[in-house]
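So you can see what is in the structure, the chains are spelled out below.
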Amino acid sequence: VGIVTPAPPRRAASPLLVTRSSSRTRAQRRRRFRAWLFVLPALIASGGIVGIPSLFTVGLSFFSWSGLGAAHFIGFQNFVQLFTDDSVFVVAVEHVLIWTVWFLTIPVALGLGSALLVSRISRGQIAYRTIFYLPVTIASVVVSKIWQWLYDPVVGVDPVLQAHHLNFLAPNWLTSTHVVLVSIMIANTWAWWGFLSVLFLVALGQIDGTLYDSAKVDGANAWRSFRFVTLPLLRPTLIFIGLLTTLWSFITFDYPYLMTQGGPAHASETLSTWMYFNLINMSQAGYAASIATTTTGFLLVVIACYVYVRIRGWEV
Amino acid sequence: MHVEDNQLVVAGPGGNPWRKMVTRRQLLSSAGKGALALGAGASLLPVLGSSNASAGTRSAGATGAATLRFGIEYTDTPDQNTVKQYILNPFLASHKDTAAIDYVVYNGASALDAGLKLALSAHAGPDVADENGPSYMPPFANAGTAMQLDDLYAANGWGTKLFKFATEPCLYKGHYYCTPSEYEGLHLWYNVDMFKKYGWQLPKSFDDILTLGKAVQETGHWVFMAGFSDCTACWEWWNSYAFNAQLGAKKLRQVLTGAVPWTDPAVVEAMTKLKQLWDLAFIANKEASAISYDEHWALFGAGKAAMVMEGTWGFSTIHEYVKDFTFGVTTLPMWNPAVEQVVPLGIGEVEFINSATKYPAQAKEFLTYLTDPPSHLAGYITGKMISIYAPCVYLTESQFPPGTDPIFVKTILEIQGLIKEGKFGYVSWAFWPFKTEAYMYDNLSSVLLGTLSIESYLGQMQKIFDSEKAAGDLPTVPVPNVTA
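Chains as they are written, first to last, in this note's numbering: chain A, 1 to 316; chain B, 1 to 484.
For the record, the hints were derived by calculation from the structure and aren't laboratory data. Incorrect hints may appear among the rest.
Taking lysine-lysine pairs in the DSS-like style, the calculated list, with each CA pair at most 27 Å apart, reads [what the hints assert, rightly or not]:
| hint | chain 1 | residue 1 | chain 2 | residue 2 |
| --- | --- | --- | --- | --- |
| 1 | B | LYS463 | B | LYS250 |
| 2 | A | LYS145 | B | LYS323 |
| 3 | B | LYS214 | B | LYS196 |
| 4 | B | LYS364 | B | LYS196 |
| 5 | B | LYS304 | A | LYS145 |
| 6 | B | LYS410 | B | LYS197 |
When you get a sec, could you build the whole thing from the sequences and use the hints?
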């Protein structure tokens, strides 16, 4: 009591250790430098190809520009028009939100469900994986055409269903403003869920089997094993898929454009198809840039949430 | 083949909107404005679709001679080969200072426009190029990226030699910037056998259409076949028909020049009648959004519908699909008994020279060869270049070789007769300012499906039209010779 013992130094101050520490620091710096050196070409390419044009796009959204000739600075006018006088933009935002919710649930549930089923079998798993993944390898142009045929009012499934008095299952897939977006999402889901299934299969394969044995010893049934072992360990995969799906949903273009070009009556319009129309059909490059910038703004919020999750360590 | 100067009086608009819908883009980077183009492009262009440039023609072997780059939108090899056979190779054979002509292929009309804008803003791009019609030229003219062609017009007498209706829209702010390379008209195509079988008569008025349509539906057939799933812009065919049929050429011209507003009761009436046809399921049984362009011809060929409302470019497709019955082509009935019969005409393709070309002399020679009728007349009158290049000059029946589809010959001669008399109307892709046009076709389905009122639709069109008029972007609209 009363005696104050000085805390020992964390490191001995021997000249030998200093030298070792310095050389280690230098080695670390060299390693870091070399690492940056290897990454540098990719950084330059990325900055040149993605970074600079992105900045130009943000800048362009403050200009009136047809795509040719001189651009005129108009301040926030494009954004004012976008948020106050563009009903199609509002519709497009609604559609990408619906699209996001759909793809965060239906394909994820399909992918996870199928992965859980297939992970339990040892023989033929590769075959299942291949079959599930096959649609992913088909170009969206081809998938769109296949589904257009299926939805065709003359040669598709509708006439067959109607012939069997199943009209309620034949809702005018591509012509009804109430159904067309769902029709496109179904087509895209068919091409996408297999990818998620394979991702989940890989993630499931990395879970230590002894954890399930322990859970079993503790009396956990199948549901509790899934709830308290599988799901927590799939969290990094789920978060990654969630981020990917959200980003991709906000910029989705190919299926809506290929199947309906955003129509009819803008019922399948997305932010990207609307941007495309303004850029190409209306020659309003500045306005299209403002749509692109706004979309990026939405996505930055999503990315910020992801970064927050990572900082909080919830991912792992 | 023979073409008489001063024989040509007037000609109509034209433009093949089907070919407009295909897309392509070309990325060319360079300094200055190119950086801006690339800057916008990198984030915006990923959605433009792919572009490709493929080598085209053979080399003439003339050392040191120019190699011209020719921007086109027809992607089919047979079409490219036909153009090579009838135009490019003969040109190279007779012009030794041009060694070769390479195709720069843009995948369709939208891609053509987008790709040209990007390339030319970077002072690059093809030396000579197609565009989708004269209404697409003002941005190039304003930016100085399209060469003025006044000297060529004067030297070749195109102002009088070619259809005036086709050359006038190329005149922008006092200068010519393009040449018309084809023209086309909207017509009524019908199943002759079906009409005979059921004893139907061709419609001559809107009431006739209503009566005939109900009769057709009672037989279980569709009235008009249409397919726009892969061509949103093709909705404008019906806009064009409705406005011409209800307003007549004279009043429609007043609307197109800003003398009468788009909100005029006559325009409202046109849209109301068009919506009536839609509500009655006369247009593809309300399924046009789910049917593609090719499929609509296939379904017509299968006898699913009695009629098709479409342009003369259909001659290049219809024989592939209609094999089991005789088809007919006739003028579209006017909806308003007070207006004169006209054929909505348009120019769907124009040619122009890139101001930044390294070979202005050779480019001018090539454009002249491309525009002047003798160079490609043979390909046209044999039916091989119907929807690619159509000489904007009068032809006589004897000029068509034996064996040419007689309906094609009859239709072309009828159109030429109407052009000569000045009885032509206007299609939207040639005589509307382009933003007004784009808004019009993009929102027609909203009107037809009831999510947008006719009044709001026309009000917004007027708003866009006013801004384009203020910017001086209205195309020249030739004067027809009609009383109403």
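Do the alpha carbons of B/LYS214 and B/LYS196 lie within 27 Å of each other, as the hint requires?
Distance of about 17 Å is within 27 Å: holds.
Are the Cα atoms of B/LYS463 and B/LYS250 separated by 27 Å or less?
holds, 22 Å
Need the status of pair B/LYS410, B/LYS197: alpha-carbon distance at most 27 Å?
Cα-Cα ~24 Å, so holds.
Between the alpha carbons of A/LYS145 and B/LYS323, is the straight-line distance 27 Å or under?
Holds, because 25 Å separates the two Cα atoms, which is no more than 27 Å.
Is B/LYS304 close enough to A/LYS145, meaning Cα to Cα at most 27 Å?
Roughly 22 Å between the alpha carbons, so the hint for B/LYS304 and A/LYS145 holds.
What's the verdict on B/LYS364 and B/LYS196, does the C-alpha distance respect the 27 Å limit or exceed it?
Measuring from Cα to Cα gives roughly 52 Å; hence the hint is violated.
The structure fails hint 4 only (numbered hints given earlier).
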